[in-house]
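Same order as they appear, the protein sequences are chains B and A.
Anchor point for the first sequence: position 119 equals 119 in the working numbering, and the numbering is continuous, going up by one each time.
Anchor point for the second sequence: position 226 equals 226 in the working numbering, and the numbering is continuous, going up by one each time.
Mixed in with the good hints there might be a few duds.
Where chains are identical, the list cannot tell them apart; a pair therefore holds if satisfied intra-copy or between any two copies.
[What the hints assert, rightly or not] No more than 20 Å apart at the CA atoms, straight line, and that leaves these computed lysine-lysine pairs for PhoX-like:
hint, residue 1, residue 2
1, LYS523, LYS123
2, LYS123, LYS514
3, LYS348, LYS401
4, LYS333, LYS123
Think of the hints as simulated: they come from the structure by calculation, not from any bench.
These figures come from a predicted structure and were not determined experimentally.
2 protein chains.
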Amino acid sequence: MRSHNCGLVDESLIGQTVTLCGWANTRRDHGGVIFIDLRDHEGLVQTVIEPDNQAGFKAAESVRYEFCLRITGTVRARPASQVNERLRTGKIEVVAETVEVLNAAAPLPFMMDDTPGEDVRLKYRYLDIRRPFMQKALRIRTKLTQEIRRFLDARGFQDIETPILTKATPEGARDYLVPSRVHPGEFYALPQSPQLFKQLLMMAGMDRYYQIARCFRDEDLRADRQPEFTQLDMEFAFVEERDVQDTVEDMIRHLFRTVVDVELANPFPRMTYADAMRRYGSDKPDLRIDLELIDVAEAVKHVEFKVFSGPAKDPGGRVACLRVPNGAEMTRKQLDDLGLYVAKYGAKGLAWIRIDDLSKGREGLTSPIVKFLDDQAIDGIFKAVGAQQGDVLFFGAGPYKIVSDFMGALRLKVGKDMGLVANRWAPLWVTDFPMFEYDDEAKRYVALHHPFTVPKIDDIADLKANALTSVSRGYDCVLNGNEIGGGSIRIHRPDMQSAVFDLLGISTEEAELKFGFLLDALKYGAPPHGGIAFGIDRISALMVGTESIRDVIAFPKTASATCLMTSAPSVVPEQQLQELHIRVAKPEKKA
Amino acid sequence: MRSHNCGLVDESLIGQTVTLCGWANTRRDHGGVIFIDLRDHEGLVQTVIEPDNQAGFKAAESVRYEFCLRITGTVRARPASQVNERLRTGKIEVVAETVEVLNAAAPLPFMMDDTPGEDVRLKYRYLDIRRPFMQKALRIRTKLTQEIRRFLDARGFQDIETPILTKATPEGARDYLVPSRVHPGEFYALPQSPQLFKQLLMMAGMDRYYQIARCFRDEDLRADRQPEFTQLDMEFAFVEERDVQDTVEDMIRHLFRTVVDVELANPFPRMTYADAMRRYGSDKPDLRIDLELIDVAEAVKHVEFKVFSGPAKDPGGRVACLRVPNGAEMTRKQLDDLGLYVAKYGAKGLAWIRIDDLSKGREGLTSPIVKFLDDQAIDGIFKAVGAQQGDVLFFGAGPYKIVSDFMGALRLKVGKDMGLVANRWAPLWVTDFPMFEYDDEAKRYVALHHPFTVPKIDDIADLKANALTSVSRGYDCVLNGNEIGGGSIRIHRPDMQSAVFDLLGISTEEAELKFGFLLDALKYGAPPHGGIAFGIDRISALMVGTESIRDVIAFPKTASATCLMTSAPSVVPEQQLQELHIRVAKPEKKA
Chain B
1 MRSHNCGLVD ESLIGQTVTL CGWANTRRDH GGVIFIDLRD HEGLVQTVIE PDNQAGFKAA
61 ESVRYEFCLR ITGTVRARPA SQVNERLRTG KIEVVAETVE VLNAAAPLPF MMDDTPGEDV
121 RLKYRYLDIR RPFMQKALRI RTKLTQEIRR FLDARGFQDI ETPILTKATP EGARDYLVPS
181 RVHPGEFYAL PQSPQLFKQL LMMAGMDRYY QIARCFRDED LRADRQPEFT QLDMEFAFVE
241 ERDVQDTVED MIRHLFRTVV DVELANPFPR MTYADAMRRY GSDKPDLRID LELIDVAEAV
301 KHVEFKVFSG PAKDPGGRVA CLRVPNGAEM TRKQLDDLGL YVAKYGAKGL AWIRIDDLSK
361 GREGLTSPIV KFLDDQAIDG IFKAVGAQQG DVLFFGAGPY KIVSDFMGAL RLKVGKDMGL
421 VANRWAPLWV TDFPMFEYDD EAKRYVALHH PFTVPKIDDI ADLKANALTS VSRGYDCVLN
481 GNEIGGGSIR IHRPDMQSAV FDLLGISTEE AELKFGFLLD ALKYGAPPHG GIAFGIDRIS
541 ALMVGTESIR DVIAFPKTAS ATCLMTSAPS VVPEQQLQEL HIRVAKPEKK A
Chain A
1 MRSHNCGLVD ESLIGQTVTL CGWANTRRDH GGVIFIDLRD HEGLVQTVIE PDNQAGFKAA
61 ESVRYEFCLR ITGTVRARPA SQVNERLRTG KIEVVAETVE VLNAAAPLPF MMDDTPGEDV
121 RLKYRYLDIR RPFMQKALRI RTKLTQEIRR FLDARGFQDI ETPILTKATP EGARDYLVPS
181 RVHPGEFYAL PQSPQLFKQL LMMAGMDRYY QIARCFRDED LRADRQPEFT QLDMEFAFVE
241 ERDVQDTVED MIRHLFRTVV DVELANPFPR MTYADAMRRY GSDKPDLRID LELIDVAEAV
301 KHVEFKVFSG PAKDPGGRVA CLRVPNGAEM TRKQLDDLGL YVAKYGAKGL AWIRIDDLSK
361 GREGLTSPIV KFLDDQAIDG IFKAVGAQQG DVLFFGAGPY KIVSDFMGAL RLKVGKDMGL
421 VANRWAPLWV TDFPMFEYDD EAKRYVALHH PFTVPKIDDI ADLKANALTS VSRGYDCVLN
481 GNEIGGGSIR IHRPDMQSAV FDLLGISTEE AELKFGFLLD ALKYGAPPHG GIAFGIDRIS
541 ALMVGTESIR DVIAFPKTAS ATCLMTSAPS VVPEQQLQEL HIRVAKPEKK A
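Same shape as in the complex, but just chain B (with noise of 0.2 Å):
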């Protein structure tokens, strides 16, 4: 139907008879000659009809915005005035000698070159997609897993699919369930992720897999969750940490590399979780910014102020401090609004100095503690951390995670809003992951990564002796402050998986229900293996540069788990719901 694409129309072609197809992005009238802007996935040109062209002169004149053109024309310069530096198609227009209307548009909900509400957004998605910017978001993405795949089938990875109708994951959100029809009162799940397959296919004798898989969960939904996203999963027998983490590098060097034009550091910056804690408040740093945390326990251990003292002295307590050039700057208010962010993080409250003149002493600061601080804590505090004339300094005391979760959220705060992101790609690794963290409420061990994860401990008896200090071979992989990929050394031995279980509270009869086959299958000569998994949607919106993975999903769901376009979910005949033998229970109505 057509000869060219619209926007890759340039002087090459001058003379020459093109055929096009797109939309009108604009039609103007000048001089008694019409020119339409038409437009398709590659580009713009313009188009011109002139009057003694009668019958494309009357279909030209019935076109408005998005009405679906074919324009038969021939390449010519245009004016040197007109020359558009800025187009592929600037020194060229097409002087049409066929306008055929494929499609008419109707008047438009919005204006293809405004950005409208989301919601319009996502309700007139096919309208939404045909604006430069989507265009390009999405493209982006396809870019990003051609390349994955690309990489990875050089590698040998073999591309395997793995079930989408299930049993029950046990990765800890909520699974969607399927009704069965055939089997009355059963039910699938849609899996949160391949984890128990991928480890199948490892003991099976696959070797090295990866797969782009659809992964769902129905957790109550953020700004970045959507109910299901895509992973890159990814599962490597006979391996250490170093082997995947190696190839899964240079893997993402090759993809912003390729993608986007990004040279990532070579090698990744490695941190241990313990370090990232304590130096950034967080398990996946944004090392962007320029800015540590500091332990300055040692300096107020002996004062009478209590809520230094106090943590400061127990182990398992956190005094750290924020020190932030210039920050002095910050208004009183500034302040304020900063001690009421991090008590959305658990913070009791927030300390802080302002060294306005660092040269009068006491005198020179502000501060709301200062008073129940001596000289010898003030002069430990500003040794510690290199205090200096205009700083403020924020504080945090407690319980050490809570000190740590707060001042990290504050760092992360401060310094987008004073402008400390550095404008550059900040991968790293972060390794050495508890194994385990005590939950209090439910009285008992949780997994920091997920049961199958194996212990650096290779004792059992070791490992149940020291539970909440052993750390686990995961790994996370963070660029910019997010987790973009995470991954383990997988348990490959039956007795090391059943202790595990143990440990977690999961009884031998519970573990026999969910995981058997697992159990089962490591009973059979199962490899060590270990791999990683990347989250896809994350890291398009990074190489798009875009906050939200709405824009890289061409059909994605609000926060509400609502496709706005098609309506769905919605309301099912009772014949469809009888034949899966099922009844709705409504809640009942509050009265």
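Given the coordinates of chain B, work out where chain A should sit on it, guided by the hints.
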């Protein structure tokens, strides 16, 4: 953990030390020396553990089938008498220095060189896949999808994911449903295909789309069906039939050439639906069988025998003959059995004439019906079909479609039973499908393809007046009697889409409710577009040379939609159902 793959160690490594990981395929004790054939995905290598290697020997003595091992040793030439030319590793062996048991294996549920029953294979799929046949089958499938992507990526197709949690789709089969937790009483449906989304992507200006997409149909399963299956889904904007067909024909040839080294016809033969039904009694004729149906109505219109003359004179009837050379070898029992066989396809009976001796006229014929036919009829039939000595002629008479169907089934059955299936690959296009069929039970038209396929007639009034005789712009790609792909040019005008819904008995309200977003999208300059979808499971099975698509699916389900390995589907806790606002309503047990 390893320096080389087992199956790739050859004489170029003689004298070198290698570290290999894999499974014990066999262990033989011979003359005080232990031989272990170690296997990985690349193949086998013979390792030798000599008794003076005390630690290694002790470890090797414990080895049983499928123990997972790491062996380090030196490659040496085998004695000439032990060279195995069929193995890449057949000229060498590895003299072990260390033998490490990475994991033991319990006694196996089956021997790895057996092919156990499918139930056992599926329950222990992780062992089944270790067998060379399954390794090869899954790797061929991976190679197939790699080559699909390579071909389409190079041609500008965008690989775009469409939702799995979506709205009920209109493909005619039952949907799998997913209850919504957030929206009580509402349900998502799993897609039967991405049909509407891919059309919307064309309206959204994505131009060329593909996806290797998971699809779901809750149908009663047959041997070659799975509740979830995979299709290569494609769509093109601004195209006509031949644009789609030419591209994908090139692709299919590329796939067979690169994956299984088969050169398919160029171009593929083309046949209308009407011709395919007339000549082969099938819309997916297996052209490897060199038998055709011949219409003999003209020869029998005049006879008294109403079984023949009735349909012969009826415009909606058919009298068809299948001539089978050397069919006269068939026994009476075999001929009777064929009668029973075609009864399953709707035949009321199967008439036949066996030509035992052509020179003897009637005397040389054996037949239950020849007594009802005069010489003129017999002559006419024999001329029409080119009857020869030793033939058997089968006759079907009755309504056109029924006769075509059972005679088509007979053709396949006889062709296979008599070894008449040529050892070649027979692709073709079938085109010009009827737009509608009339469903006598439902008293309405049904779409032969789907309701989005455009008719060849542009005029809506014409279409309404000639619904039953109008043909669509649909096309199927057939290979060796399998429909491997099906597609069409789609409706892009909103008035035509509404007219087709109307003809299908879909009310304006129902159309709005189910397809409102499509009808809306068509209003905003939808481009002409078309596409196709190919069954990846079936194409993989054809390439592997297996009858069962389960052999090319890593974790398939049984005919009752069960996963024998994980026991999905399964019962879930009541609380989970409460969260989803549903209750189980089992069918009442029969008293």
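For each hint, the structure was consulted:
Only between protomers do LYS523 and LYS123 lie at most 20 Å apart by alpha-carbon distance; the minimum there is 14 Å, versus 52 Å within a single protomer. For the identical chains of this complex, LYS123 and LYS514 are inter-copy neighbours only, at 15 Å across copies versus 40 Å inside a copy, given an alpha-carbon limit of 20 Å. Proximity of LYS348 to LYS401 under the C-alpha cut-off of 20 Å is restricted to the intra-copy arrangement: shortest distance 13 Å within a copy versus 80 Å between copies. For a Cα distance limit of 20 Å, the shortest separation of LYS333 from LYS123 qualifies neither inside one copy, at 41 Å, nor across copies, at 66 Å.
When each numbered hint is compared with the structure, a violation occurs for hint 4 only.
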